[in-house]
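Turn these sequences into a full structure, and let the hints steer you where they fit.
In order, the protein sequence lines correspond to chains A and B.
Take the first sequence: its letter number 7 is residue 6 in numbering that gives the first Met the number 0, and every next letter is one higher.
Take the second sequence: its letter number 269 is residue 268 in numbering that gives the first Met the number 0, and every next letter is one higher.
Pair ranges (Cβ atoms, derived): (1) A:Lys37 to B:Pro292: 51 to 59 Å; (2) A:Glu53 to B:Ser175: 33 to 41 Å; (3) A:Leu110 to B:Gly304: 30 to 38 Å; (4) B:Ala164 to A:Glu53: 30 to 38 Å; (5) A:Glu125 to B:His183: 31 to 39 Å; (6) A:Tyr84 to B:Lys329: 27 to 35 Å; (7) A:Tyr84 to B:Glu114: 44 to 52 Å; (8) A:Pro90 to B:Leu254: 24 to 32 Å; (9) A:Gly39 to B:Glu162: 21 to 29 Å; (10) A:Arg133 to B:Asp203: 41 to 49 Å; (11) A:Tyr84 to B:Glu291: 39 to 47 Å; (12) B:Glu162 to A:Glu53: 28 to 36 Å; (13) A:Ala83 to B:Ala124: 27 to 35 Å.
The calculated EDC-like cross-link candidates involving lysine to aspartate or glutamate, where the alpha carbons are at most 20 Å apart (straight line), are: (14) A:Lys75 to A:Glu53; (15) A:Lys37 to B:Glu162; (16) B:Lys311 to B:Glu110; (17) B:Lys88 to B:Asp64; (18) A:Lys32 to A:Glu125; (19) B:Lys82 to B:Asp93; (20) B:Lys7 to B:Asp93; (21) B:Lys297 to B:Glu328; (22) A:Lys32 to B:Glu153; (23) A:Lys75 to B:Asp217; (24) A:Lys126 to B:Glu149; (25) A:Lys37 to B:Glu154; (26) A:Lys29 to B:Glu153; (27) A:Lys37 to A:Glu125; (28) B:Lys222 to B:Glu204; (29) A:Lys29 to B:Glu149; (30) A:Lys29 to B:Glu169; (31) B:Lys172 to A:Asp26; (32) B:Lys311 to B:Asp193; (33) B:Lys329 to B:Asp217; (34) A:Lys29 to B:Asp156; (35) A:Lys126 to B:Glu153; (36) B:Lys7 to B:Asp61; (37) A:Lys75 to B:Glu253; (38) A:Lys29 to B:Glu162; (39) B:Lys311 to B:Glu121; (40) A:Lys32 to B:Asp166.
None of these hints come from the bench; they were simulated from the model.
Computed from a prediction, not measured in an experiment: that's the story for all the values here.
We put the CB at the ideal spot given by N, CA and C, even for glycine.
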Amino acid sequence: MDEFKSGFFVGGEACEGRVLVVDDEPDIRKVVKMTLQKAGYEVLEAENGERAIEVINSGENRLLLDVVICDIRMPKINGAEAIAYFRSNYPRVPLIVLTGFPDTDMATSFLRQGVVDYLVKPVEGEKLRSAVARAIEQRELAKL
Amino acid sequence: MERSDSTKVAILGAGRGGRALVDLLHQIPSIEIVGIADLDPDAPGLQRAHELQIPVTTNVPDLIDNHGVSLIMDVTGDPEMEKYLHAHKPPAADILSGSASRLLWKLIQHESKLEAELLQSEKLAGIGSLAAGIAHDINNPLQLILGLAENLTEERDLTAVHEQARDIIEAVKRTSAICRDLTHYSRRASSHQDVLVSVNDKLDEALKIARYASNLHDIEMIKQYQPNAAVKGNPDELLHVLVNLITNAVHAMELGGGTLTLETKLVDGQVHVRISDTGCGIAPDKIPEIFEPFFTTKAPGKGTGLGLYNVKTIVNKMQGTIAVDSKLEKGTTFTLTFPNAEPAGQGYLP
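What follows is the structure in structure tokens.
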């Protein structure tokens, strides 16, 4: 059981957690945040890969971040670069790609790198919430 | 361009055939059109000749006798003209008339159809490379619309409902603007009529399209526009030229970003359009080949090799020239030079 969490239920449908949304579009961050907050998640935002790396390295996020949802096409450090960084520095934080451009080759390559889900916008709230829940569940199982 | 070894051509008849001949022949450096004759002052070929500053006359004997003509091209379709020419042609001149000139007219029509097809197929191939950008720009607003709509099914706060409905409307408008830009770009170049085109507007429009083909995030943009810079030509074709050059510039800066400079200015009565990047540059030994058809440095399936070829064809058609200046690892500048679009009217033979 994760000692940093207060409300995590193994096998539960909805579980609280801290999610970082990385997307250069403020609208996307807004709507993803809205969708996840309803399910009780705490949502942090970053507008590009560079900022996302700063966020994950600041304070308690290093320990408390449960999931990163990451766009691909972004300025500064793009999604692919950010994902490579997260995988090598924070291998235990599950990554979900949320992209506007469906590309099978890219999806395969990300999944090989250990990305847990590859979602194509527009994605329904329910699907997004269950992807996040599944990612957290997998992470907890891996810890056992 | 006056050249001693050039073939001096006189064109008789300025209907559609005459106009097509003018368009074709003036692009060939070794041919000099010494004049075009037609009795109808409104003939389309005469209008075109004015634009290209080719002398225009109604006096056929003067045109064929006094200008060192080596080839007379008769596209009047008039049997009397054919007879007249055979009786009165200068000894040094050849005549192309009758069925030979009809055949030539057919070949020209065929050629211009092929050229249009080539341009269109390259444009459509290019749309494929826009797919990633288009998907990104359409799916982002769709995500917003979907998320907000889902929320609205449960939202009880009326102010929030109104605000989110407005956001949805805005997102729909953004999405439809994308489709409008693209359908405008992908359609066949419209009329054959040349019109005054604002180069600055076309540069801005091209930039919008190029965004879909390439990632402009890490690129600094500098615009230095001469107000009211105008050229004469087909607006759709000019747009195509600029989209191509801007997309190439951005692709050259794919690794590590850089600066894209778009510049228009008036120099000695000509309009200069400059598109510069600080990207990878072109190898000196490749520069002579870049305007050749099917030349590409892109990976198979990524480029048609027709981009710069079509660019040059269109620029020449607009009586313009294109020059390239490139240094490896420093960047590339393409400079287009067009005649300043001002009312035509000179170029009459006395």
